[in-house]
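Participant: Chain L: place on chain P using the hints.
Going line by line, the protein sequences match chains P and L. Residue numbering for the first sequence follows our numbering, beginning at 1 and increasing consecutively. Residue numbering for the second sequence follows our numbering, beginning at 1 and increasing consecutively.
Since the hints were derived computationally from the structure, they do not count as laboratory data. One or more of the hints may lead you astray.
To be verified - Taking lysine to any residue and the SDA-like style, the derived pairs with C-alpha atoms no more than 20 Å apart in a straight line are:
#1 L/LYS10 to P/LEU28
#2 L/LYS10 to P/GLY32
#3 L/LYS10 to L/ARG65
#4 L/LYS10 to P/PRO36
#5 L/LYS10 to P/PRO303
#6 L/LYS10 to P/VAL38
#7 L/LYS10 to P/PRO39
#8 L/LYS10 to P/ALA34
In case you want the letters, here they are:
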Amino acid sequence: MTERQDLFDARLADWLEDDPDRAPDEVLRTIGAALPSVPQRRALSLWRGSRPAWAVRYGYVAAAVAVIALLTSVGLAIIGGSHPGPTPSPAPTGRPATTLAVFESPLYGYGIDYPIGWEYQTASEQLLPLGLPELYGTTVDSFTSPAAGALPNAKLIGAAASLAEGTSLAQWTTDVEGPQCGPPADQKSITVAGEPALLTTFTECHGYFHLWATVVRQGVGFHIVWLNFNGTEGQDRQLFDRILATFTFPLGITGWTSFTSTRHGISLSFPAGWSLQPATEPWIWQPNDPGPATAAQDRAIGPGNEGFIAVSQRLPDGFTPDDWWADYLGQDTSGLPAGCFPATRAGYESVTVEGLPAYLHGGAAMCSFTEAIVVTGGRAYELAAHPNVDIPAGQVIDRAVVDQWLATVRFDPASADDTPAAPTTTR
Amino acid sequence: MHVELVERAKRGDREAFSSLAAASVDHCYALAYRILRDPHRAQDATQQALLGAWRDLPTLRDPERFDAWLHRLVVNACYVEARSERRWVARVRVLRTEPESPDIARGVAARDELEAAFRQLTPEHRAVVVLHHHFGYQLTEIAETLGIPAGTARSRLHHAVRQLRLVLDAAPDAAASIGGRPA
Numbered sequence: 001m002t003e004r005q006d007l008f009d010a011r012l013a014d015w016l017e018d019d020p021d022r023a024p025d026e027v028l029r030t031i032g033a034a035l036p037s038v039p040q041r042r043a044l045s046l047w048r049g050s051r052p053a054w055a056v057r058y059g060y061v062a063a064a065v066a067v068i069a070l071l072t073s074v075g076l077a078i079i080g081g082s083h084p085g086p087t088p089s090p091a092p093t094g095r096p097a098t099t100l101a102v103f104e105s106p107l108y109g110y111g112i113d114y115p116i117g118w119e120y121q122t123a124s125e126q127l128l129p130l131g132l133p134e135l136y137g138t139t140v141d142s143f144t145s146p147a148a149g150a151l152p153n154a155k156l157i158g159a160a161a162s163l164a165e166g167t168s169l170a171q172w173t174t175d176v177e178g179p180q181c182g183p184p185a186d187q188k189s190i191t192v193a194g195e196p197a198l199l200t201t202f203t204e205c206h207g208y209f210h211l212w213a214t215v216v217r218q219g220v221g222f223h224i225v226w227l228n229f230n231g232t233e234g235q236d237r238q239l240f241d242r243i244l245a246t247f248t249f250p251l252g253i254t255g256w257t258s259f260t261s262t263r264h265g266i267s268l269s270f271p272a273g274w275s276l277q278p279a280t281e282p283w284i285w286q287p288n289d290p291g292p293a294t295a296a297q298d299r300a301i302g303p304g305n306e307g308f309i310a311v312s313q314r315l316p317d318g319f320t321p322d323d324w325w326a327d328y329l330g331q332d333t334s335g336l337p338a339g340c341f342p343a344t345r346a347g348y349e350s351v352t353v354e355g356l357p358a359y360l361h362g363g364a365a366m367c368s369f370t371e372a373i374v375v376t377g378g379r380a381y382e383l384a385a386h387p388n389v390d391i392p393a394g395q396v397i398d399r400a401v402v403d404q405w406l407a408t409v410r411f412d413p414a415s416a417d418d419t420p421a422a423p424t425t426t427r
Numbered sequence: 001m002h003v004e005l006v007e008r009a010k011r012g013d014r015e016a017f018s019s020l021a022a023a024s025v026d027h028c029y030a031l032a033y034r035i036l037r038d039p040h041r042a043q044d045a046t047q048q049a050l051l052g053a054w055r056d057l058p059t060l061r062d063p064e065r066f067d068a069w070l071h072r073l074v075v076n077a078c079y080v081e082a083r084s085e086r087r088w089v090a091r092v093r094v095l096r097t098e099p100e101s102p103d104i105a106r107g108v109a110a111r112d113e114l115e116a117a118f119r120q121l122t123p124e125h126r127a128v129v130v131l132h133h134h135f136g137y138q139l140t141e142i143a144e145t146l147g148i149p150a151g152t153a154r155s156r157l158h159h160a161v162r163q164l165r166l167v168l169d170a171a172p173d174a175a176a177s178i179g180g181r182p183a
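Pulled out of the complex, with its shape left as it was, chain L reads as follows:
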C-alpha cells in the first residue's frame, strides 16, 4: 500500500506524487478510456484527474482512500471531458470489411452494435457500467467511489443495462451473439 507515498505527496513531495501517478496512471487511463471511448479524451481526462489529485491531495483526509478518491476524480474528469464535447456523437464507426465467416460477421456486428449502444449512454451511466462490469465493483463500492447513494448507483446500472439490451435486442445480428437469441 502506498500510504506513505500519499502522506509525503500530501506534504508537497512531488517525487512521491510522481511515484503514485506512475503506479496509478494505467488504471486511470483504462477507466477513462472505457467511459469516453476515445484515446485522446481519455488521455486528457487522466491528466486532468492526476493533476487535480496533486492539487487537492492536502484535502484527502484518509490516505487509505487514495485509490477510490482518485477513481472519483477520473470519473469526474470524464464527465467534464464528455460535457466539453457538448455534442455527444458516435464519432467512430467501425468499418466493416468482408468477414471470413458468418460467425466473425456476427461477432463484428455485435461489437459494432455494442459500441454504438454504449455511446448512447450518458457519461454517468457509462461510469457505473464500466466500474461494475469491467472493474468488478459492487454497487456499494460504486456508490462510495462516485459519491452517490447506493440506490442511485443501482438505478443507474439498471437503467444503463436496460438501455443497452433494448438497443441490442433491436439489432438481430447482435442479439444472436449477445443475448443468445436464435439468429
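For reference, chain P alone in the conformation it holds in the complex:
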C-alpha cells in the first residue's frame, strides 16, 4: 500500500469516526411500542427465501402461469402451529430437492407451487361447500406425478368453495372429510399462508394415504390435498410441507380492504391480510426534495413484503402543476438506475387514475417500484407499488396488480392534512 493510500484510508476512517454512534432514545421507544403489533413469522422455509423475484405471485391473474422456480436449498418448509414453534423435520439427504414451479388456479385464484414434471388439470366448475374435492373431478385442480418420478403415484389436489356465513374451519373440515374418510389418524393445527388451518392425516381413504389441509379465509374454504399409496409417507410429508408453504390466497379485488388516508387526501384499497401503516406526518415540499420519510407514507404491506405506498404533497405557493413537474424532473437522479427516472415527462407512460392524467415510471426489475404520479387539486400524488419493500432492486411487480390497485384510488385533495406531526424528542 502506498503512503498516499494510507493517508487516504486514514482520512476516510477519521471522517467516518466523527459521525454519531448513539441512537436517539426514540428509536428504542418506538420499537418497544410497535413490537406487540408486529407478529413473528411462524412459517419457516429455508428455500422460500431463495425464490426468484418473478415467483412473487398474485392470485387474481386468471391464467395459469408456470415458471421454473430454482430452489437451491433442501430445507423443509415447516407449517407451524402458533406457539411454541414446530420442530423441524430433518432435510432429506443424498437426494436433490424437487424443483417446483408456480401455479395459479384459473378458477379459484389461489397460487401454489407443484413439482416440475407433474401434469395438471384445472378446475372448470365450482366446488360446492360440502363437496368432495374428488381426484380427476371437474371441480379441482389436480396434479399427477409422472410414472417415472420419485413418487410415481402421488397426487395433489387444490379446490375452494364459498361457505355459509359463520362456518367454522373445524366444522367444515369435519363435515367434508368425515363422511368420506372416517376418523382421521391425526389432525393438527397449522398455518397456511398465515391463516389458521388444519392438517388432517388419513392412513387410507379411497385407497390413498391422505394429507389434507383445509383453511378458511373470508368465507371461502380451501382444500389442499396430497394423496399417495402407503409406503412413502415420510417423503410425501416433506414434499407436501414444501408445497403447502407456497400456497397463496387469491388477491382479487373482492375482499380488499379500503382505506382513507387522514394525511394525504386519498382513499384506496389493498388486499385483505396486508398490514396498514398510515402516515403520521405530512410530506412538505422543499427545494431538492428528498422524498417522503417513511412516517409520511401510507403503506400497505403484504405478507411477502410486497407493498403499496401512497403519498402526496401540497404544491408550493405559486407553483403550477408544470412548475412542480419541472422541479421533480430536475432532481439529481445520479446513482439511481438509468431508465427508472425519465428525464422528461414524455419519458413516462401516460395512464389515467380516476380519470385524471397520470404518469407511470419504474416497472422494471432494476427499479424496484412502479409508480404513478398525479397532480390534481393543488397536490402532487405519488403512488408506488413495490414487489418487495425490503429489497431495493431485482424484482418487478405484476403490472396487472398495479393497475388493479390504481383502479381503487380516489383523490380528495381538499381533505389532506399537512399539519406537522407533534414534536418528538429528536425531530
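Facilitator: Same frame as chain P, but now just chain L:
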C-alpha cells in the same frame, strides 16, 4: 454472547428481544447513519431493521449469527430508505464560516468535499466503504454480512474508493489534506 436471548426472542419472548434491541441499537444506528448521512433516515432504517428482525427472527437458523444477520437487515433497510428518497441528492451543504487559519480552512474543505463525494456513491457502495473503513470488516466478512460474493464486495469497495479519490483529486483544497498532494 446473547445466544440465549436470541433463542428466547425466536420463541416470541418480547422482553428478550427488547434486551437484544437495546444492546444493538447504537451499533445499528451508527451503521445506518454512516450509510444514509441523515439522522432521521438512519432512525427510520434502524427501526425498520429491528422490527424486521423481530418479525423474521424465527427464520434465523444460527443464533450465533444474530449480529451479522442484523447488520444485513440494517444495510437492507438503508437501501430501502435510500431508494424511497428516489432522488439521491446532496441535501446537506456545509455552511462555510470564516476559518481561523488556513489549516482549518483546508480541513473544512476536505470534509465538505468528502461528504459530497460520499453522497455520490450508491447505497451499495457506501455500505462496503462504511463496513470496511469504519467497522473494520474484511472483504470476506463484508461478503458474508451483505450476502454477496466476495468478488462483488471487492469490486464494490474498489469502485467506491476509486470514485471517492477521483472526486477528491479534482478538488485541490481537499486533495491537500486527503491525498498528501502539495497544495
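Participant: Verify the proposed pairing of L/LYS10 with P/PRO36, using a straight-line Cα cut of 20 Å.
Facilitator: With a Cα-Cα distance of about 14 Å, the restraint between L/LYS10 and P/PRO36 holds, given a limit of 20 Å.
Participant: Is L/LYS10 within 20 Å of P/LEU28, Cα to Cα?
Facilitator: holds (19 Å)
Participant: Between L/LYS10 and P/PRO39, is the straight-line Cα distance small enough, at 20 Å or below?
Facilitator: Measuring from Cα to Cα gives roughly 12 Å; hence the hint holds.
Participant: Does L/ARG65 sit within 20 Å of L/LYS10, going by the straight-line distance between their CA atoms?
Facilitator: Holds, because 13 Å separates the two Cα atoms, which is no more than 20 Å.
Participant: Is the hinted pair L/LYS10 and P/GLY32 satisfied, with a Cα-Cα distance of at most 20 Å?
Facilitator: holds (16 Å)
Participant: Is it true that the CA of L/LYS10 sits at most 20 Å from the CA of P/PRO303?
Facilitator: The hint holds at about 19 Å.
Participant: Between L/LYS10 and P/ALA34, is the straight-line Cα distance small enough, at 20 Å or below?
Facilitator: With a Cα-Cα distance of about 17 Å, the restraint between L/LYS10 and P/ALA34 holds, given a limit of 20 Å.
Participant: Is it true that the CA of L/LYS10 sits at most 20 Å from the CA of P/VAL38?
Facilitator: Holds: L/LYS10 and P/VAL38 sit about 13 Å apart, inside 20 Å.
Every hint from the earlier list agrees with this structure, and none is contradicted.
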